[in-house]
Structure formats: structure tokens, C-alpha cells
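Produce the entire structure from the sequences given, and follow the hints as far as they go.
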Amino acid sequence: MMNFINCSGKNKLTMKNLKKLNVLLVGTLFMLFTACNGFLNVNDNPNASTTATPAGLLTNVLYQTSQLQYSVSTVTSYYTQQLASPSGSAVDQQREIHMDGSWAEAYNVLTDLKDLDNISEKKGATDYAAIAKIMTAYNLGTATDLWGSMPYSDAFKGAGDLTPSYDSQQQLYSDIQSLLDKAISEIKTGKSTLSPGNDDLYYGGDMQKWLKMAYSLKARYLNHLSKKSNYDPQAVLNNVKNGFQSNNDDAQLSYTQDKMNPWAIVVINNSIGILGGDLSAYLVNAMDTTYYNTFDPRLFAMTDSLAGGDFRGTVNGKGSPNVAYNTLTADSYFAQKTSPIQIMTYSEVKFIEAEAAFRAGDKPTAYQAYLDGIKANMDMLGVDSQAENNYLSSPDVAVGAGNLTLSLIFKEKLVALFLQPEAWVDARRFDYQYKDMTVPFNQNPDLNGKYIRRILYPNSELSRNGNNVPNVTLGQHLWWDQQ
Amino acid sequence: MKKTLRQLIALGFVLFCSGLVSVMAQNRSVTGKVTDSESGSALPGVNVFVKGTTVGTATNANGNYMLSIPENADSLVFSYIGYNRKSVAIDGNNTINVRLTAKVQELNNVVVTAFGIKQQRPSLGYEVPEVSGKTVSNTKQENVVSALQGQIAGVQVTGSGGAPGSSSRIVIRGINSLDPSSNNQPLFVVDGVPIDNSSNTGGIGSEDYATTNMAADINPDDIASITVLKSGAATALYGIRAANGAVIITTKHGHSGQTKVNYSSSVGFQQVDKYPKLQKKYLAGWYGKPDYKSYPFPFHAWGPKADTVAGAQFYNNFRNFFAQGGPGLKVNNDINVSGGTNKTTFFVSAARLHQRGIVPNTFWNRTNGKVAGSVTIADNFHVNGSVNYIFTKDRNAYQPTRELVYYPTSEDVTHYLKPDGTQYSYTPWLDNPIYAAYHHYQNGNVNRMIGNVGLNWQMTDWLDVNYKLGNDFYNDSRKAILPGPQGISGEIPLNAFGNVQEISMNNKDVTSTLIITANKQINKKLSTTLRVGNDVYSHKYNRLYTEGSNFAIPNFFNLSNTSTITSSEYTLRKRVVGVYGDFKLNYDDMFYFTLTGRNDWSSTLPKNNRSFFYPSVSVGYIVSRMFKLPKFFDYAKLRASWAKVGKDAPAYATGITYVAPGNFPFKGLTGVTKNDVLGDPNLKPEMTNSFEVGTDLRFLKDRVTFNFTWYNQDSKDQILHVPVSTTTGYATFVTNAGEIRNRGVELSLSVRPVETHDFSWDISGNFTKNNNRVVSIRKGIDNITLNGSLYTYGGAVYEQLFSGMPYGNILGTSYKRYYKNPANEDPLKIDKSRPLLIGPDGFPERNLNYKILGNVNPDWTAGITNNFRYKNVDLSFLIDIKQGGDVVNQPAAFFAAQGTLPITANRDQEIVFKGVTADGKPNTKKVWLGQGTHNGVNYGDGYYRNIYRKVGENFVQHASWVRLRNLTLTYHLPNKIFRATPLSRASVSLTGNNLLLFTPYSGFDPESSAFGAGSNTQGFQGRGTPAVRSFTLTLNLSI
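So the protein sequences, as listed, match chains A and B. Note that this note's numbering has the first sequence beginning at 1, numbered continuously upward. Note that this note's numbering has the second sequence beginning at 484, numbered continuously upward.
Don't read these hints as lab results, they were simulated from the structure. The model shown is predicted, which means the values in this text are computed figures rather than measured ones. It cannot be assumed that every hint is accurate.
What the hints assert, rightly or not - What the simulated footprint calls covered on chain B by chain A, stretch by stretch (three residues with Cβ under 8 Å from a Cβ of chain A suffice, anywhere in the stretch; the number is not a length):
1. 592–606
2. 970–981
3. 1074–1086
4. 1146–1153
5. 1206–1216
Even glycine gets a Cβ: it sits at the ideal position worked out from N, Cα and C.
Structure below.
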């Protein structure tokens, strides 16, 4: 190389008078080339982890399930006329609805539950695996009661199946039961290598409560089949027996001053003009002696009386212009910053028992369960015992076992399931036959005056998995909603 | 193929070395520099010969040469295309500097190509369009990207609106990536150093605040020229980073000789250039009644007829809103000083721009300081460097037109304050947009340093080493403020809690480039050049985001004053190492052949697929040198090139991960969730094959020039973020799939019809037609959904990609058409020739299955520039034409729902909708278009709310345009005026932008972008600031 360079001259830079720079240059070059591999190993994502712990997954799914419970109930509570929209919203008027957000949330939770189950099974953490199965059953149930057929057996496969097919609701209901059966047997074996503690936001690791939750859910989803010819009330009652025994067993998540209950945010927004949380005229009338003679003290757990001691609900679909209406209040049971969101309650189990016993023809059991359900709900809401006794002994309520009707059970259950999506399942099973309930004002004309029966599939599914999405309308009855 | 090319490159090297033996016989050397006689700028690639021999060399990128000469050498000959040949006697000199004079009328023949390598235009196998610094600064666009609008064939520039400092998007030869999150904009290179041009949203919604594109930090007055590299062959040396083309910016630098000072000062005004029309027949109200202030009907114009109400008034809230803070204002001052000795040069500039937005309380200030210089350490060793420091400060309002499109025309928007200083709004359910602009905003600060240091060492007369180290470091910190309640009774707060978002982003780009160039004159006619090099790129970005909400003390907007704080952190690192070679062969300045190859190693790909090689070949053939052409025909060239260019993956796109959701910590616990992005562990690089052919012709003593290019680009194995059904467990899947093709023609023509001493007229035009086609996506994936409108209440509209169709289709709800046999209906295409299907209620039926409503891409675009010079006056104007390309007029969907859209003024009419009923018979049912009950029929909320606004088809509009993009009138003050002063030149100019706009589009100026320049979803007009017209007065002084 040096031979080629024979240029000379005072003012020139040659290899000879630049040995140091030369070394530097060549050295730099060398480093650039050799450092290549290590230099390029920077693709491990610093923003994410490649592993997950059962505890982290569990905490998240329980939190997200509560959030999902809220977002679903911001729709279903209008259909059940527990709430009404101050603006006569599209939801309240039962117009086209896809619930893209809730669908995505539900599958997020279901995906994490799938991983929680798999990871826990691998570690022999059967307690975590059991909880995963129970929560899968719960979330799958909540979702299928909105949309009917949904991907499940072909779901969660990632690149293995990018357009999962839809399982029928009948199939999903059988999956729910077998998930719960497996969970029950896993808890009963009691050989978990890991035990949940604080990370279990619902029960603090008390597996006996999860066991009761599993039975309670079995009862709930068996009882959903009340319109079916193979409805088995005795099977429901058998599960109820092993289900929740008191309000202490309720599955729920309490919020904190910082991470507020989402209904508390609705109430705070309402106070600055972003209106929401109006109680429906139907519910208020059913509780404030307009429709019945007896005042239901649980109304005070939802709202405060207006000036003059009056109550006024908003007519569904019509909105609430100009005058004061009852809304959820900041000191109500449901909308304080630290209020719980309920996943499933003891009082619901009692009403399930009441209905199943009633359908089985065992009216005394049904009647006792009906009264227990009301009492449990009042206890939960903190109604004082005087008011509780007055209500329970009033002629509207204490009709005696012989006069008990399904209507009474459903009327009371609607109040007890305030702000819970499960109430909409009841409304449909009961064909909305609540006394004095009417379709909302300015109801979606496509429904031809009949009540809404289901949610349309989300836009994201229509655009990403369109070939598998069944064609449905809002008035179509889900599988369990037909004979 | 790979192997063959590697062999070819090796062969080239051998060929080259074989010529070296003769070099050894020479014993004395001469050095020197060749410059342009007029501008003093260095001329690279000038052939230098010893007269009467084959001994010769060529000047390097800095115009320097070194030549070993035989003892008997007598004189040197310098020849260069477009310049007069010059012969200089040696006379024993060791240094011979030469100034060459350009041939009269000759076009600028030296262009800056990849890595800042200056090359002779005729030698290239592709077209390299150039925009001069003067043209850039004449547009008076503060954003260098906007300055390119309409200037270059094949380059599409779209502004995002009129917010101060707002982003502009640039796309060359169409979209190359199917991936919705992929970058489709070119690489920006300033003085050989790539710089960042991202549009950072800071991790919050792209629609929330106007953001800039980072190249807008460059001071347009510092720019000497911009060249655009469009084809794969042109960008082959840059490799993956320039897969979408490259914009090469060369900034001004000093020349040896007299010190020059330039000062320019300008002041400009801006206003909205186009407003939508609203009906002025009906007042605010609901069901014909004036009661609109109370919920649920507080925004609507479904009230009584204005002529039935005494004192009825319509406010022009749009104009009043944008006039609230005064007209938009731009003040710019720029000074630069340059000069040098024969050993050093320097250039120093300082500039300050203040831009006040048309939306109240918004601004963008940019301060630039730049120092550049070069030192000749030895005759053959030069060091150059520059440092550019940029500081910008801005304030943008949150979605400034969000409330404005709701504000009823019966209410005066300028009444926005109560005496107690809290918000006035006529209803508690709608914020006043002026109050919101003053209080809900984001402050931004960018501190940026772009620098480089370069070495040039001409080791021998044939070997040249260039090294450059460059960096682009910036910190972009932002703070968004949304106040909560003030604690004053009866107030209407903007938010129940209030919150503050602090975002801090750091970007560090370092690029190291080494190029070794060897020139060999093999004989008098054949010369070769070989370049080999190495290129290292390191990128690090991190972002810290903290949000606090619920202020304890009102108006104390500090994180410490909030009760709930959430925080997140994001880091991205990426590194690329490349090695390349470029072999060039020149036969008699007539035939040129170039072969390149590059191998890249990218950190973002899995280890096994990390290394990839791609080549390019290009040829240029100067026909006019071989054949004698008719006298009027000056020059003819044919060119062709083929290239393959790779593109790597986004960082961290491989594998499955778990992340912590934002809700935690909760009760002292954290949770994890599966990341909804599924990465393919076997990702491999994308490859684009591009081919282009073209010709460059010049006639009539170069008074007419014409360029034509046809190109075809096929990008395969696309790395896609495919949105997938959430039921898969993921929302997005990153994988190699799909192919996209762009094919088009580019024409440009310049004519100088008149040229006399006092008067000249130049006209130049460019034309672009690009056809894009998504060739395939992936088995099992029918389409890819980009962004869309989310607030159209049943009239949702999305941009979606389907295989076999062009990029940019807009899909959404439409009117149902009648098909006797429904099986004949195309699932995606609307047959507008078919009659509408009218329902039993007498109204058109909606089709809820998404169909194609339009496409955002233009059919073709053109730009026509006229330059007139008469004595001391220059006049230039640019007409920008866009044919086709649809825009979703989202504001119109609001207006339709609220009853302010002009068409809704026919609500008092009964009509029979044209169309057929389900049985195929013509519809005869008469219906009323208003609200409520009419002739015993209850029409509910009325046709416009129930149907019209929910049909996306109604709001996708043709946005063709012809606009007077730019007009500049300049008066050069005659020299005699300032003969007694140190001034050498002085001029005054008046510039107008967007002075005229002709378009069938009914809303604001359709040149807007709801999601900003960084988004691949274009063609949506949203809640941002509309485009503006501006007038600028500029004074230029030179010493």
C-alpha cells in the first residue's frame, strides 16, 4: 500500500506524517466493524416483560373485571330502567349499539385469564388456576349474555387462528359449567403450590369463598335456562346450597379515594354539567309509593329526596329538561369514591333460589328465599332495621307463601341487582313483564315497539373477522331467551 | 443475484487497481481547487488532465484535486460538463487553483446525492430534482416541508392545518408500506447528517394537540438547496433509512473572499382561507321550538324560522372565534454572516420566528443559531463542521374546533367570561370554545442540537477519504393543562377535577459515515470511480409521561398539587450498521454505468434475519454526445435504473410480552396484562424492487427543458401491524405479509419564452400521476383498518386497505341501492347508477355494511410556477392543482345533526325521495323533512338526524383543487440609492400563500389532517385548526 503513495510536498498530509491519525482511523474502523454484534443486541423491549406472575395477572383481571362490570352496566342499567339518560341518549332509546369497548375489555380479561390458567397449571398453583376458571366462566357468561355466540374454542390462539369462528351460546353455556366444575375440583384437592393473598382483590385468598362463588355461578347460569324445556330447577337448588351463605361471601371490589369507583366519577361529572346517573322514572315510581303502597327504603341508598321530600325519576328515552331529577348522589351506597362494584351477591343467590324453588313448585322455600333476598340486600345497603322490618312486613311484600308470584320475585330482584348487568338477563327472561314498565320514549323504530333483546356485534369484529360474525338484529332473542 | 453483484464489485476493484501501475512512474504532484467563477462554490468531479497525455484525475467533493504529473508536463486541462474547458500552464507551480466559467444558459449540473456526494447530473441513471434555497425562502413557509409543496414531480406534500408550527406530511411516489403504523415519509438529511422528522404526539391522542414535524426546526433561510432522491437507485447507498426516499438539504456556507452579511426581516398575517357555510333560515331550538338552552337540546338549530322571531340574530361564530386573538401573525428576523480566507471559511446565522396562531392563545416561536466552518489543515486535508442549535416554544389549544362546531349560531361565542373570571357559556352543557382555548392547552419546549464534523483527506490523486460524524439530540418537553373548578359558586368548570400532563421526550441520533473514494482515469475516454463505505446509526428515544389530576388549590398547575398521579415510561433503541460499495464507469461523458451494493445489519430484526444485502444498477446515456442532433436540440439523455431496497422492522416487534396497565398501582399492588401486540419471532426485512426509466431533453439553447420518468415500485414481505380480532388474544399481529405497488409517471417542463435585458419570463411545471395498488395482504386477513372517525353517531367512516385496491379507500355506511337480485350486489363497491332503496316509511334506507365511499389519494397533481422579471421587479407564483382525492368532512356531519348544514334548511318541505321501494316500483310516498308530527305522522327527530347524518356517504367529498399556493412580488432597490452605504443589495417583497382556492369541497380548506403528518390516515378533517391564507412583507439587505 505504502508503495503507491509517493506524493510529496511540504503542505501535504501523507500516511507518513499522519501515523497517529492513521492508527486512530483504522482503530475506529476496526471497532465499528467488530463491535457489530454486541452493538446490535438492543432489541429486548425495555418497556415490557417476557414473563408474568400469577399474582400480577390475578390482580389485573379482578380489577379489570370490575371495570368491565361498570362499563357493561352503563348500558344494561338503561335497558332495565334502573337508570335513565338525562339527554334521551341513543342507549336509552335502545338504538343501534355495538359495545366495541366492552367486547375488547372482555377479551382482554379472557386472554389474561387464559394465561393465568396456563401459567398456574404449569406451576401447580391450582388455587390460581381455579380462580382463573371461575373468572373465565363469569366473564364469558357476562359477554355471551350480551352477544350470544362468541369465539371461545378457537379464540386466544394468536397467529394460530386470526379469524376465530363463533361458538354457539349453547356450547358456551356448557363450557361455563365445565369450567366451574373443574375449578371446584381443583379447589377441593387443596394442593396448590402457591396461595393467593392480597393479590386476590375479592377474597384475599380465601379459597372457601371462591368455592362458594363457583357454586353460586353454576346456579346462576343454570337458572338462566328458565325458558328452556330442559330447565332443571333442582340442579339450580343443589348448587345454591353450596353457594354464598351470607353477605360476607359477596364477590366485590372496593375502590379507593385515588382510584375512585367509576360511578363516583359519574356523580362528580354530573355536578359540573356532564350529566349522568339519573334514576329512571320507572324505578323511582316502583319504590316511592307511586306504583305500590309501600315505600322502599333502599331508594335512600341510591339517591336523596328532592327539595320538598319528593322523588322524580327521568322518563327513559325522554331526557330530563329544566327541573330537578333524582340522580345517584355522592353519599349514596353506590357512588361514593370508595364504593364497591359488585360481581355477585348473596342476595342474588337467594333470589335464584326463590325463582328455582317457585318453578319447582316449592312455594314455602321460594317465599323464604324471597324474603331473605330482600333482607340480605337491605343489610348490604345499610337500611336500618326499623325501616327494613316495616318494608318486609308490608302487605306489598309479605304476601305469604301461597300468594308469591314470579312477578314479585323479579320486581324485588331488579332492585337488588341495581347497576348489575345480571339484571338485564332477568328482564329478558321475564320478558320485561314488570308492572307498569313501558318501552322508552322515542324508542328505536326498528324494534317496532318491542324491547331490546341483544347487542350487535362490535365494529372491530365486523371489520376484522367479518366472515365469521353472525348476522343479527337488536330484537333477536338469544338462545336462552327462546323456548 | 447477490453473488454476481458482489463479484462485479470485486471485479471493478481489480480493474481499478490494474491502472495503478502507471501511477507509480510519476514523480511530481500538483494540487489545487476548482471553483465556479461566479458563485465561488467548489466543483466536484472536474476532469483534470495533463495536456496531450492520459494522465488525469477528477476533483473530489470539495473541488480539490491532486495529480502526479510526468516531468515533461506542460499544462493542465480542466473540463467539466456545462462549463467552458480551460487550459492552464504549469510553469513549475505546485498549486494550481482554477475558476471555471459556466456555459451561458447551462443548468446547474452538479447535484447533491446520497451522503452529500456531489455528482454531475448527466452521470446519473435517475432524476434528481433540486429546489434552490431562494425558492424555499420565497415561499415564506416557516416549515421547510411545506416549502416543497407543488415544486417537484412525484412529491406530495400535505399540510395538516393552520395551527402555528403545524406539521406537514411528505410522501414520495406513494405509500410503500401497508402497515398502519409504518413511517412512509422520506429520510431528511442536513449536510450529510440524517435528522429526525417525526411528529411526536407524546403518547397522547394524535387529534388532541397540533404537533409539528421535527424537520420544521430547520431555518429555511439557512438552506442553500434541497434535492430529493426519489428512486431506489438514488437512495441505495442510504439503505433502509431512505426506503421512502430522501430529502437532502444543503445549508449555506462561507466562501473565500469578501465577508458577506445578509439580513432579512418579515412580518406576515394569517386568516382562515375558507369557511363552511351554515344555514341562516332557522334559529336554535328543537322540534321547531326556541327552547334550546336546557338539556337535552342545547346545541341544536332545529328551532323556529328566523323571520318569525322579532330581533332574531345569527352570529358568525367561526369568524369571531378566529378573530378573537387578532389575526394570525408571523414575525421573522434572520441574519447571517459568511466569508473566509484561502484556508478557512465560516458561516454564522441567527434567526427568530414568532408565529401567533389564529386560535386564541396559541403560538410557536423558533430560535435558531448556527455556526459552520471549514479549515484547510493541509492542502489535501480539510476539516469542516457545523453546529445548529434550535429552541422552540409553543402553545396549542386542545382540539380547538371541537366545541366550536357545536356552538349555536344564535349565541355569541365571544361572550365567554363572567365578571368573576369564570367561564360564561349559555348552557352548562357546552364549554365556550374561546374560554377553552385560553385555559385548556399544551405548552411545548424543544431544545435541539444538530451538529456534524467532517474530515476530507485526499490521500493521493486517486484516493480520497471522507468521514463524517453527526448527531441530532433534542429534548421535547410538554405540559398540558386542564383546569378544574375554581371553587366559585355557579361556575361552569372545564373539568370536574382538572389535570396536568407532563411529557418529556429525549431523542438521540448519532450517525457515523465513512466513504473512501478512488478515481481512476483508465484512458482518455474511460474513467472509473469506486466508493466503499461504512455507516453506523444509533437511535435512542425515551419518554416519561406523568399525569396528575384533581388539583387541591385551583389554578396551581403543578404535579405536587394533584391527588392522583400516574406515570409511564417508554424507551426505544435502534441501531443499524451498513457497509456499501458503489462502482461507477464513465465512458467519454456519454455513457455512465453505476453499480451499488449495500449490506445492512439492523437491531430490530431477529438475529438470524438481521443481515441483508441489496443491490442497484443504473445507466445514463447521453444520446446527444453520440449523434449529431438538429441544431435546436441541445441535449438528450436516456436513463434507467433498477434497485432493491430493504426495510427493517419497528423496534421490539418480535415476541410476546406482558405490560403493566395504567390503572396500577391499586391498593399498593401492581398488575400485569398480556401486551395486545403479537410479534412474529421470524420477522425478516421488507424488500422493495424499484425500476425507473426516463429521459432528459433540452432544446433551443436550453430555453426548454423536459424530463420524463416512469417508475414501478413493488414492496414485498411487508412488515405489518395487522389489526386482528381481539378474540385472538391480541389486537395487533406483526408479521411479514402483503405486497404493495406504486407505478406512475412524472413529467416536468421548463420554458423561458422571453428573455431580454430588461424582461424575462420562466415557466415551469410538473405533473405526477401515481397508481397505488395493494397487491395482497395476508391469507386470512381481508383488510387492514387504519384510523377513522369515531364521533359520527352511526355514520362511522374508516380508512381501510383491501387487496387488489388502492391504498386510502374510505369505507363507511351508505344508502342502500336497489338490486332485484341481491346476489348481484358487490360487497364493497357502491353502484351509484342504481336507484336508492326507499323504505316503507318513505325514507332512504341505510346500508350498515361498510362500503367504499371514496379514496383519499389524488388521481394526479401538478404544479405550475411562473417567474417574471422586469428590470428590478420579480414576480413569481405557483399554481397547485390536485385532481381527485376525497376528504371526510366530519364537521359537516356535526352540522347535519345540529341542523346548521345549509341542506337542512329544506326541513319545512314535503318531498318524495327518488328511488324505488323493495318491490322495485318507484317510490311515491311523500314525507316531511322536519322534526315532530306533520299531517298526523310522527317524524321524530327528523330525517337529517335519523338518517342523513348517519350515512357516511354524505360526508365523503371530492377535494380536488386549484389553488394559488404562493405569489411573491419582489422589488430590488436600484444600486444608486445605497451607493453611499455599505449595502450591496436590498429588496422588498410581498408574499401571499393560499390566495385563491377553487374546490368543490364544502367545508374548511380540505388541506387538513385530523391525525397529523405522522399518521397514515389522511383525508379526515377533524377538530383541529383549519388551513390559513397568509400575507408576508419581507425586507432583504446584503452587505
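Status of each hint after checking the structure:
1. 592–606: violated (count 0)
2. 970–981: Three-residue rule met by the stretch 970–981 of chain B, so holds; n is 5.
3. 1074–1086: Holds, because 3 residues of the stretch 1074–1086 of chain B bring their Cβ atoms closer than 8 Å to Cβ atoms of chain A.
4. 1146–1153: holds (count 7)
5. 1206–1216: holds (count 10)
The structure fails hint 1 only (numbered hints given earlier).
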